[in-house]
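So the protein lines, in turn, are chains A and B. Following the numbering used here, the numbering of the first sequence begins with 2 at its first residue and continues without gaps. Following the numbering used here, the numbering of the second sequence begins with 117 at its first residue and continues without gaps.
It is possible that some hints are incorrect.
[What the hints assert, rightly or not] Partial selection, computed: residues in chain A whose CB lies under 8 Å from chain B:
| # | residue |
| --- | --- |
| 1 | V46 |
| 2 | G47 |
| 3 | A56 |
| 4 | V64 |
| 5 | W81 |
| 6 | A92 |
| 7 | L98 |
| 8 | G103 |
| 9 | A106 |
| 10 | V108 |
| 11 | G158 |
[Unchecked claim] Below, a list of computed lysine to any residue pairs in the SDA-like style, where the Cα atoms sit at most 25 Å apart:
| # | chain 1 | residue 1 | chain 2 | residue 2 |
| --- | --- | --- | --- | --- |
| 12 | A | K12 | B | L149 |
| 13 | B | K338 | A | I124 |
| 14 | A | K12 | B | E549 |
| 15 | B | K219 | B | L149 |
| 16 | B | K338 | A | A133 |
| 17 | A | K12 | B | L284 |
| 18 | B | K404 | B | L367 |
Simulated from the structure, these hints should not be mistaken for lab results. Ideal Cβ placement from N, Cα and C applies to all residues, glycine included.
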Amino acid sequence: MASGSQRAGAKLRDREVWAGIALIAVGAIALFGASDLPFMTRQGVGAGLLPRVVAGFIVVLGVIQVAISLRASGPDAGGWAWREILIVLGAVVLFGLAIRGGAVAGVTVPPLGLVVAGPLAVIVAGFADRGARPGELVVFAAIISAVCIGVFRFALGIPVPVAPWLIGY
Amino acid sequence: MGDMFSNLGLGLQVAMTLKNIGLCFAGCLIGTLVGVLPGVGPVATIAILLPVTLTLDPTGALIMLAGIYYGAQYGGSTTAILVNIPGEATAVVTAIDGHEMAKNGQAGLALGLAAIGSFIAGTIATLLIAALGVPMTKLGLLFGPAEYFSLMIMGLVLAVVLARGSLLKAIAMIALGILLSAIGTDIETGRERLTFDLEMLYDGLEFAVLAMGLFGFAEILKNLQNPEARDVVRSKIGRLLPRLSEIRENLPAILRGTGLGSVLGILPGNGAILAPFASYALEKRIAKQPAKFGHGAPAGVAGPESANNAGAQTSFIPLLTLGLPPNAVMALMVGAMLIQGVIPGPQVIDRNPELFWGLIASMWIGNLMLLVINLPLIGLWVKLLRVPYRLLFPAIVLFCCIGIYSIGNTADMVYLTAVFGLVGYVLHKLDFEPAPLALGFVLGRLLEEKLRQALIISDGDPMVFLRSPLSLSLLLIGAAALAISALPALRARRDEVFAEE
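Extracted from the complex, chain B is given alone in its bound form (with noise of 0.2 Å):
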């Protein structure tokens, strides 16, 4: 316990350097400038944003992308209040009841609301993250290839069960994510693959090329064929900071998304997508009106955002301890972390204390910026949110463009680029997630190095897998999963919680 606390102390020194605070409210500012864009979720903005970060030091770099997270992510919730346009799938749920909120005038409260459950949640977060991050550390050094290979394949499988529609569907999207992770020229045996003969995929694809693609270019695609209706709230904002007795009510609220999101987000396969939904639903089952929910109940926004935002802090517990990136935007923060020499995993708590602790302690003090910065600027995001679409759009890609073309200085990047958009859409088109695949790209390589390490050691013998007890109680975790998901009974179920929005 003393030890967590002289950790997170080397953490605050390190955050609480004029550099790395600028750096965290220029990350938050940004984050929630580009976040605020109807349609662009956090995904898109760290991709666009990118490229800022890699003319800092490693500790400065991440400190800001985590400040851009987090900014991105509140940013998308003020749309989804305002405009009633969630930028991403977690923030469905806050446009429920928050646009209703918006509507009658209480705009500034549900807003005030959010970012204040989002604190508390995210001081909860940090606190257990600084708990967990030496054990799970430890935990991390007993994995050996063939356990890092059932670990990954079970957290694929979670997140199989837990995205949305066909399961068929889901599980093809991530064999397509971990076929496109093998493009170009195999680390190992020097073998170029699935090139095609093309120069430009001799690198294999970036990340950040990829998410640009499906999730950035494709949502425009998506918006110009089914312009949305726009309401942008004319009413009042109201008042911004909540009464202390309307902080009182909806405490519980904020206290139970927290622990939600909390254990959720730590789940290997992006468990933090469904903290909201479940609060939700436990909201409105435990509610003692639950007729108002869906009519403007704060309970409704403080709860789900405040699971969101844990939700959002503890998926960074895998990805420090473990090396592994539980969805699409820890899987861009590894992309920065290679970028910058820093090789995630359970190694990096002894190697880079300083960053690692200096990051942990960032995401508390962005999470504090968050309410500095967004409760007084929120008339300007009003302002951003009325310019037309027809004027957005067309910025959103030239940011992307720019954006794209500088982290490799290469047009190829661009032209991939616009690939992937025309994929993302097509995929959109006939119903398909590209969120698994994503995952499954980023986990592609490590699941195939992992394979053949984990083979050499045993001279090619594939049962290494079910012999070492750790490893075949993941894989028959993930078995277990699998089959209690195809069930029927748990379909309609796991159904009617995404079926909330």
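If we strip away everything but chain A, and leave its shape as in the complex, we get (with noise of 0.2 Å):
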């Protein structure tokens, strides 16, 4: 496991340091978001005692990850798969856009329903394959699409918005 690089730049990939540098950083924001809230009050614990303790804790445990790793050398983190990472929760995004409509960034969705939405997300999110071949995809999402509102909407009764703009559901 250990590559004999002892390098500092092999410090800036190490996965260890870099979870408790995380640890950090996420109980500090929460640190930051309840630090209005009273620790306790004249009723008993208040607002603030469990969410300030635990995040104070979570600072602790980064410290102390990232003093560990410091000290061996850990596992690189590894490349990270931006292009899918954008790409499926793009499509998990468009469809809840698309569902029952909204603004985005200044553009106004009209609610489009699963009718449209359903394809979307599944269309979209193929791509995220490198392999996609898009005949087969766009067929598989009509098809999955048409099988999902059978399901969800008539055999299961579930009020998921169908196509609001054509038959008023």
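Please dock the two separately framed chains into a single complex, following the hints provided.
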């Protein structure tokens, strides 16, 4: 596991060091967010006691983690799949925007329902795989969306909008 | 004893109505269908299918969810045996010898033994739940807020001890889970906490959102980055029903697995996860030909599968009797119960006896149904497994989106789930386990509530947790477990158990 490289540069990629830094960051953000909440009130435990104690604890754990990992050399964090993250989670956000409509960054989306949101999410997400075949994906998206509309809306009676602009629900 | 059987009789009466049998059947079927998908474990399956149960009455909904749970578990084992992709930690063990058997043309035997072993384990565990239900509930009524608080602390400590990898990281994940549970409007004081003025956080985070992001979307991102060589078994599935002699040969392994699984499953703090590993290690140790393990030993499938199912079943005990969910799956069950207006805890058995005993009886019926559904439908699952991942994962994304949207009928939850997908991926990259986080999240709110109640009763004196003998001993057990697990010798042993994969 431990690669021989002990250069300072290696520390910048060390997974264990980053794990500690991440804990410190999360704990610090929470400490900041909860800084105005009271610890104790006359009625007893205040809203801030648990979040602040736990957040402080996380910061302490992060510091210990960094201290430990700086002395040993841990494995590389490895490459990050930014392209896949962006596409898959982008598809999820698009689904959320399209299903009941909404506004983001000045663009207003009308409620499009599952008829549009379904294929949209499937097709966009599909392109996260480098071996995606557009034709196959479009056909598959249409079939799986139809199945979902049939199963979720009609067979199970879940009130998910289908096509409000066309059939009113 | 007589009480136990009259109670089970009441349960069977509830469970055997045509409607409830139908729901149990439907739950098992769709649970298996989704659980078979590679990379979709029971947590994600239940989260996707949770909305399906919202329109039902509480008893029906829980029966269906239990069916979904068993279906998802069995679906995961099917995938582990046929494709060597375990959908969750506990199926890892099944994949070792199960997949080897499949490659030797004995896939049918492996699946059959898994199903029969699970059924035997399920039957015994159901009887155990029925027997322990009433006394455990009485114990639960002895618990005041301070004792509950200490019990949860002990459960969380045990979860840390049982998690694999770094102790520090597991503790950090539990703390993070507790922190996330504090987000939203504080029920006691009405103050907004950690919402950073984002409207979508005012009501707090829904557990399904967290679970779907951490266990569903993050898994997809992981798989896309490291495409797993999927080798769906091409050789013949072979005979499904084991011969009587084969059952007799594996019965001891099944019974040992059942015993291990039942005991570990009752532990608060997700002891069930250890069950298959422990059973595999035990079988390998006492086998006449240990060298066969890893190359298709039937006992290496029958034992761990039984242990897994027994543990899955007995982990309902802390939930139903004490109201404490010991793992992420049970946490989702709590969510479903709350949506249905049932508050889990010792009072359920008195207030909703038909729900309590009906659920227990359906566990057994569900196990029987899995045997009936899965053996004939195996051909269908194999076909499903041959669908390439490039088409499967967009479909899973869509199922998740619809599932999450339907829980609250709002797109905000869909966006939050995307955020937790990213969080889950980062956790994976930094080698953090998401399971302790989920447990911390679930127990977080309860923990704070009991802390507050205990301190109000004691007039703000924190010594209340040490003054009650019950509370003190629970805390001491937790401290001892933590101290022991930090010993170097035991850590090596613990890594060995998890290294069986």
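How the hints compare with the structure:
Annotation: interface hint on V46 of chain A holds; nearest CB of chain B at approximately 5 Å, less than 8 Å. Taking 8 Å as the C-beta contact cut-off toward chain B, the hint placing G47 of chain A at the interface holds, the least distance being around 7 Å. Checking A56 of chain A against chain B by beta carbon gives a least distance of about 6 Å; that is within 8 Å, so the hint holds. For V64 of chain A, the shortest C-beta to C-beta distance to chain B is roughly 11 Å, which exceeds 8 Å, and the interface hint is violated.
Here the hint on W81 of chain A is kept, as its CB sits about 7 Å from the closest CB of chain B, short of 8 Å. With a least beta-carbon distance of about 6 Å to chain B, the hint placing A92 of chain A at the interface is held under the 8 Å criterion. The interface hint given for L98 of chain A holds, since its Cβ lies 7 Å from the closest Cβ of chain B, which is under the 8 Å cut-off. With a least beta-carbon distance of about 6 Å to chain B, the hint placing G103 of chain A at the interface is held under the 8 Å criterion.
The criterion of a C-beta within 8 Å of any C-beta in chain B is not met by A106 of chain A, whose closest approach is roughly 13 Å, and the hint is violated. With a cut of 8 Å, the hint placing V108 of chain A at the interface with chain B is violated, because the nearest CB-to-CB distance is about 15 Å. With 8 Å as the threshold, the beta carbon of G158 of chain A comes within range of chain B, its nearest partner Cβ sitting at about 6 Å, so the hint holds. For a cut-off of 25 Å, the pair hint linking K12 of chain A to L149 of chain B is broken: about 45 Å separates their Cα positions.
Taking the CA atoms of K338 of chain B and I124 of chain A, the gap is near 19 Å; set against the 25 Å cutoff, the hint holds. At roughly 22 Å between alpha-carbon atoms, K12 of chain A and E549 of chain B fall within 25 Å of each other, so this suggested pair holds. For a cut-off of 25 Å, the pair hint linking K219 of chain B to L149 of chain B stands: about 23 Å separates their Cα positions. For the hint linking K338 of chain B to A133 of chain A, the alpha-carbon distance of about 17 Å falls within 25 Å, and the restraint holds.
Simply put, K12 of chain A and L284 of chain B have alpha-carbon atoms about 20 Å apart, close enough for the 25 Å limit, and the pair holds. Of the pairs offered as hints, the one joining K404 of chain B and L367 of chain B holds, with about 15 Å between alpha carbons and a cut-off of 25 Å not exceeded.
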